[in-house]
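We have chain F; now place chain E onto it with these hints.
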Amino acid sequence: MTTDHLTSPFGGPTEELPVMTAGEIDFAAIQRSDEFVRLRARLRRFVFPVSALFFAWYLVYVLLAAYARSFMSTELFGEINIGMLLGFLQFVSTGAITVWYVRFARTYIDPVSDHIRSQAGVADE
Amino acid sequence: MTTRVLAAGATGNPTLNTAVFLAFIVITLYVVYRASHANATAADYYAAGGNFTGVQNGIALSGDFLSAASFLGISGLISVYGYDGFLYSVGWVVAWLVGLLLIAERLRNTGRFTVGDVMSYRLRQRPIRAAAATATMVISFFYMLAQMAGAGGLVALLLNVHSRTGQSLVIVVVGIVMVLYVLVGGMKGTTWVQIIKAALLMVCITMITVFLLGKFGFSLSSILRTAAQSSPKGAAVLGPGTEYGASGTTRLDFVSLALALVLGICSLPHVLMRFYTVPDALQARRSVVSATWVLVVFYLCTLVVGFGAMALVGTNTILNAPGAANSAAPLLAFRIGGPVLLGLVAAVAFATILAVVAGLTLAASASFAHDIYASVIKHGDADPKTEVRVARLTAIVVGALAIGGGIAVNGQNVAYLVALALALAASANLPTMLYTIFWRRFNTTGALWSIYGGLGSCLLLILFSPLVSGSATSVFRGMDFHWFPLSNPGIVSIPLSFVFGYLGTWLSREPADEAKQAEMEVRALTGIAPNTRSSGEHQQTAS
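Protein sequence lines correspond, in order, to chains F and E.
When we follow my numbering, the leftmost residue of the first sequence carries the number 21, and every step to the right adds one.
When we follow my numbering, the leftmost residue of the second sequence carries the number 12, and every step to the right adds one.
The set of hints was computed from the structure by calculation and includes no laboratory data.
Ideal Cβ placement from N, Cα and C applies to all residues, glycine included.
Some hints could be false.
Selected chain E positions facing chain F (in silico; Cβ < 10 Å) [claimed, not checked]:
#1 Leu311
#2 Tyr513
#3 Ala529
Calculated pairs, DMTMM-like style, for lysine to aspartate or glutamate (alpha carbon to alpha carbon, straight line, at most 25 Å) [what the hints assert, rightly or not]:
#4 Lys527/E to Asp130/F
#5 Lys527/E to Glu44/F
#6 Lys389/E to Asp524/E
#7 Lys244/E to Glu95/F
#8 Lys244/E to Glu44/F
#9 Lys527/E to Glu95/F
#10 Lys527/E to Asp134/F
Among the chain F residues that face chain E by a calculated CB cut under 10 Å, a handful are [to be verified]:
#11 Arg65
#12 Leu83
#13 Ala85
Chain F with its partners taken away, still in its complex shape (with noise of 0.2 Å):
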């Protein structure tokens, strides 16, 4: 029984599902698929552009803190001043990218590589 990870003792999680459907995975040939070539350049085109726009925004944030106090410390609305709403935005902007990609991933991710999975003969949980 190769499923049961109990008594297998390197059953880590990956072996849960059985190996020997597995069979021989051609994974050069599924890595030359034009459905793999898609998925791969979707999800780089998603997660490089967004990286880098957080990390900008991120960096002006501390460059702003860091070398323009007075402009951080100017006063909004009581002693709520421009720093701590700028604070509050890298916030705000975590968690909007967050739900943009778990969205994104649902859409646009998750179909083609569960597709891929089950092409290449490894059933889903």
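Here is chain E on its own, set in the frame of chain F:
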């Protein structure tokens, strides 16, 4: 360490405090014991058999961060430096995007127990595993120092222990209890402790926040005003610069720290290892998402708690308490809820330290047993039972080292120490992880250059920084051999590590293993289970 005695009763009744918190330890140890009843295999011990759900793991992940560093360290920094402390919170939250977008799912799909699993997937096993394990152990050690320093300060406050010897003794006891958690509980027990404690901590901090807001008429503005009035620095605490604005060097230091924060958090081995406790990539994604939400709420509360402590307790009282800035949150708890709330907050904070240190010990010992003992020494032929035994032995050694280190750094601000661990993690792990997942050409030489180059340059810069010598708060106060001006080396060592990885890859002209690269990339994106177990490691037949 300050020897000044607090006003009588400022920290309540030590007996009551101790009772609340012993009760907590007994309860959690019992949970750990129950949870770990079937810790039969290596997979159970390191990765809880991959059986946690995304949300459970997300709460546990956030538990790793709702640690001494955040709850005590950051609220303390805010209570002393105001806005500059808040800057830490922002880095802590934004950092999760690195994990979400680039790392978590890919890692879950390609590794099993350790960072070394992913790094060595398509590269030469033994040298890479040795490098990855070295990095993991160094990073975990630094992170652990921070937690031990926090534990010392906290218990000192709670039990009103002022002498250096007494606090050292406390650190020893803390260390022993935490090793017990790991030995008995493994990953499953550790995860459950994280979940329980994260929930309790969130309840605590939300209650304190709501109470504070209520006291000030639900106006953040009014808390800020009162805080600024009671601070010796006045209104300046509401803007950036009270801590980092002094000179060009300190500003650059702050930028360096910010980089280490945002890039380091999702490169920490004990965080990465958490992604193995869930069954698939989707659950890994859910983990990050849940952790992000919990942390957003938490750090917004920290802002209120920090300024609240500044307003109600006062910066000077905080700085004079045992544990200095680290004791802001417990002092505030005492101020608003008396000894019971103090006992509760301190118990939760203490449990936090225990759980985080247990996680770190686990990461370090897993890395040694799985990457160095099983793969490098035994060439992948280790008996899994022996491997777990080695992991447990390593946990004891790591615990002992952490105790020694913790005593040495007792009194340093927890958040500073954590920032060093983050710089190390971002320098040693991040470039190799990203390159191996996303850059086809990347090879073994590149990885070795990047891991050792990043780790080495970072350690070297720390050694010659003002944190170690040459300033009033250095570890070696009498000596001065520092030449690197910044206390956080991230701004130099992180880019350097990326460059090392790139140069090493190109200069060695060693071709990447195309077949393994294909396998890794396909698995990373789709989660297809492996063909055969990779490259001869762990050729154990199922019993």
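Structure-based check of all given hints:
1. Leu311: Since chain F brings a Cβ to about 7 Å from Leu311/E, closer than 10 Å, the hint holds.
2. Tyr513: Since chain F brings no Cβ nearer than about 17 Å to Tyr513/E, farther than 10 Å, the hint is violated.
3. Ala529: It holds, given that the least Cβ distance between Ala529/E and chain F is near 4 Å, below 10 Å.
4. Lys527/E to Asp130/F: Distance ~23 Å between Lys527/E and Asp130/F Cα, so the pair holds.
5. Lys527/E to Glu44/F: Within the cut-off at roughly 14 Å; holds.
6. Lys389/E to Asp524/E: Status holds; Cα separation ~24 Å.
7. Lys244/E to Glu95/F: Given that 25 Å is the threshold and the Cα spacing comes to 17 Å, the pair holds.
8. Lys244/E to Glu44/F: 68 Å, violated
9. Lys527/E to Glu95/F: 57 Å, violated
10. Lys527/E to Asp134/F: Holds, because 21 Å separates the two Cα atoms, which is no more than 25 Å.
11. Arg65: With a minimum Cβ separation of about 12 Å from chain E (threshold 10 Å), the hint on Arg65/F is violated.
12. Leu83: With a minimum Cβ separation of about 7 Å from chain E (threshold 10 Å), the hint on Leu83/F holds.
13. Ala85: 4 Å, holds
In this structure, the hints that do not hold are numbers 2, 8, 9, 11, in rising order.
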